[in-house]
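Number of protein chains: 2
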Amino acid sequence: MAVYTDVSAEDLTRFLSAYDTGELLSYKGIAEGVENSNFLVHTGSGNFILTLYEKRVAEGDLPFFLGLMEHLAARGITCPQPVKNRQGGVLGRIAGRPAAVVTFLDGLWIRRPNPGHCAAVGEALARLHLAGADFKQKRANALSIESWRPLYEHAKARGDRVRQGLCSEIATELDALEKSWPRQLPQGVIHADLFPDNVFFLGDRLSGLIDFYFACTDTLAYDVAVCLNAWCFETDHSYNVTKGRSLLNAYGKVRALSPAERSALPVLARGAAMRFLLTRLVDWLAVPDGALVRPKDPLEYYRKLRFHQPVKSVQDYGVGA
Amino acid sequence: MAVYTDVSAEDLTRFLSAYDTGELLSYKGIAEGVENSNFLVHTGSGNFILTLYEKRVAEGDLPFFLGLMEHLAARGITCPQPVKNRQGGVLGRIAGRPAAVVTFLDGLWIRRPNPGHCAAVGEALARLHLAGADFKQKRANALSIESWRPLYEHAKARGDRVRQGLCSEIATELDALEKSWPRQLPQGVIHADLFPDNVFFLGDRLSGLIDFYFACTDTLAYDVAVCLNAWCFETDHSYNVTKGRSLLNAYGKVRALSPAERSALPVLARGAAMRFLLTRLVDWLAVPDGALVRPKDPLEYYRKLRFHQPVKSVQDYGVGA
Numbered sequence: 171m172a173v174y175t176d177v178s179a180e181d182l183t184r185f186l187s188a189y190d191t192g193e194l195l196s197y198k199g200i201a202e203g204v205e206n207s208n209f210l211v212h213t214g215s216g217n218f219i220l221t222l223y224e225k226r227v228a229e230g231d232l233p234f235f236l237g238l239m240e241h242l243a244a245r246g247i248t249c250p251q252p253v254k255n256r257q258g259g260v261l262g263r264i265a266g267r268p269a270a271v272v273t274f275l276d277g278l279w280i281r282r283p284n285p286g287h288c289a290a291v292g293e294a295l296a297r298l299h300l301a302g303a304d305f306k307q308k309r310a311n312a313l314s315i316e317s318w319r320p321l322y323e324h325a326k327a328r329g330d331r332v333r334q335g336l337c338s339e340i341a342t343e344l345d346a347l348e349k350s351w352p353r354q355l356p357q358g359v360i361h362a363d364l365f366p367d368n369v370f371f372l373g374d375r376l377s378g379l380i381d382f383y384f385a386c387t388d389t390l391a392y393d394v395a396v397c398l399n400a401w402c403f404e405t406d407h408s409y410n411v412t413k414g415r416s417l418l419n420a421y422g423k424v425r426a427l428s429p430a431e432r433s434a435l436p437v438l439a440r441g442a443a444m445r446f447l448l449t450r451l452v453d454w455l456a457v458p459d460g461a462l463v464r465p466k467d468p469l470e471y472y473r474k475l476r477f478h479q480p481v482k483s484v485q486d487y488g489v490g491a
Numbered sequence: 171m172a173v174y175t176d177v178s179a180e181d182l183t184r185f186l187s188a189y190d191t192g193e194l195l196s197y198k199g200i201a202e203g204v205e206n207s208n209f210l211v212h213t214g215s216g217n218f219i220l221t222l223y224e225k226r227v228a229e230g231d232l233p234f235f236l237g238l239m240e241h242l243a244a245r246g247i248t249c250p251q252p253v254k255n256r257q258g259g260v261l262g263r264i265a266g267r268p269a270a271v272v273t274f275l276d277g278l279w280i281r282r283p284n285p286g287h288c289a290a291v292g293e294a295l296a297r298l299h300l301a302g303a304d305f306k307q308k309r310a311n312a313l314s315i316e317s318w319r320p321l322y323e324h325a326k327a328r329g330d331r332v333r334q335g336l337c338s339e340i341a342t343e344l345d346a347l348e349k350s351w352p353r354q355l356p357q358g359v360i361h362a363d364l365f366p367d368n369v370f371f372l373g374d375r376l377s378g379l380i381d382f383y384f385a386c387t388d389t390l391a392y393d394v395a396v397c398l399n400a401w402c403f404e405t406d407h408s409y410n411v412t413k414g415r416s417l418l419n420a421y422g423k424v425r426a427l428s429p430a431e432r433s434a435l436p437v438l439a440r441g442a443a444m445r446f447l448l449t450r451l452v453d454w455l456a457v458p459d460g461a462l463v464r465p466k467d468p469l470e471y472y473r474k475l476r477f478h479q480p481v482k483s484v485q486d487y488g489v490g491a
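Protein chains in written order, with our numbering: chain A, 171 to 491; chain B, 171 to 491.
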């Protein structure tokens, strides 16, 4: 939950005067997003989300994120659409921060996805990958395999506080991943963070995708691996093969995974687990003692990593090799 | 900012099935209220606020608060209206907490009120006092003068960390207030917390009052004193006589203050300053070192108290005695 920056009605009225959104009727800071400050804004012309980009988001990346949302929306992907001001721009400034207004999407996120939800997200991810194919801008993945060792170096002095022996296991795994990481697979726009709280449903129908602020240019099948980790494990950390099969089959019906992508899936899934294990570990160690905020559990991703380590074939995920 | 309790879409869908609010379309935890968890809920029939009452609110008080909002709304005060479920009740349970759904009010709160805003809040407060006159339920003020000494006792061991000598000044003032507190003035329903963030405006028009969770039965003129402190001081802690005059005159046009109420206003204003000084001091001392949350500054109310101490007559607030 996050509202890092206070916005006054006076400031917001002035900000919105550059847009054709009508009179400001109300706005509420919302407990959503961990990187930015978000407000639900009601105006004479409807509901919008105002996002203030805080310092963890590089300002130079904003044209990529906002351009991507526009590009995807124009190709039928339901995602927030940046609202243009009267000069045709999508980026402004408020309270000393870069800021954008995007359309509001109805929908609910699912805490306990069933195989049907997993199929819907698999299909939506494949459609996103196809729709992104002709997006011209590029953005390197700031949390790609190249970043994992520096994150580990940052955490290793205190990482064993979280679990005895954790750091040496991470070091061994990093060596293995760096040796075996597949670098020739198809690349393109990936969401890179398509967790359940970034996917909206209305009833059983997927109604939209949100939060493109980790999106980048990277291996498409890695994005599938991120989703497999985020959607197909139970709360007891066991892998649910029915959910995995649903997600992978639905993805494959829209964009078939090549044999090389399929055979790389176990190592990609280990890497995807490592990425979230490391960022959660760093966040966990950054919280001062006694603070009211409890970050996400890094060990959830340690357990997912341990699941993937002995996997030899995509068949173990529930689909044909 | 506050969302203390997580609510899942599944839980909320089940909860709303007892109401005629239509399909749940979205909900967002909002950064509003310090005592409760609040969600902005969008359904097929419009926008609502869902409030989960956390443990600082006594469950036995909820019928008073919700009944009062219904009572006031029926008498033309624009405030959130509790939505009845199909059994006719306004109180339910979700995620282990008592909870209610109220109507959503458009409007913005003003960070830097001008004399016009102060007049509008004075008028609205008087209308609230008149509309509350025939409300049958009673609720003692849990933060009345009787509570101040226990709060002081709680804070005094560490209070001088905030300002050297603060605790002995509070003790002297408490002695004075307890001796001179007026107990024969007209009583009734008071809001008791009508700060700018609880008053909405659309343009220059006051569009609604919110947050009735400190409302109680107490001295009406004390509520005026709370507003004088909350609305009529500048950020440098100086009293703005134009704002005070606007507020008091506008109040008086709807409900005339009696001579006894007028002459008691300085001591009531000292008491109102003491109440917020003490609760802010306790909250300030309760925050662990290194926490991310910074509570409101108790010394703002120390300075307001110091302003009122030498005041002898309501004329010093800008109106005739």
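Check each hint, because a few of them may be wrong.
[Stated by the list, open to error] Estimated spans, in silico, between C-beta atoms of each pair:
| hint | chain 1 | residue 1 | chain 2 | residue 2 | range |
| --- | --- | --- | --- | --- | --- |
| 1 | B | Arg331 | A | Gln479 | 36 to 42 Å |
| 2 | B | Gln257 | A | Lys466 | 53 to 59 Å |
| 3 | A | Val411 | B | Val457 | 14 to 20 Å |
| 4 | A | Asp453 | B | Thr183 | 51 to 57 Å |
| 5 | A | Arg226 | B | Asp374 | 34 to 40 Å |
| 6 | A | Gly258 | B | Thr183 | 54 to 60 Å |
| 7 | B | Gln257 | A | Arg245 | 44 to 50 Å |
| 8 | A | Arg328 | B | His407 | 39 to 45 Å |
| 9 | A | Pro480 | B | Glu193 | 43 to 49 Å |
| 10 | A | Glu339 | B | Gln257 | 54 to 60 Å |
| 11 | A | Gly216 | B | Leu261 | 54 to 60 Å |
| 12 | A | Arg245 | B | Gly192 | 47 to 53 Å |
Source of the hints: derived by calculation from the structure; they are not laboratory data.
Ideal placement from N, C-alpha and C gives every residue a C-beta, glycine not left out.
Hints not upheld, ascending by number: 1, 2, 3, 4, 6, 11, 12
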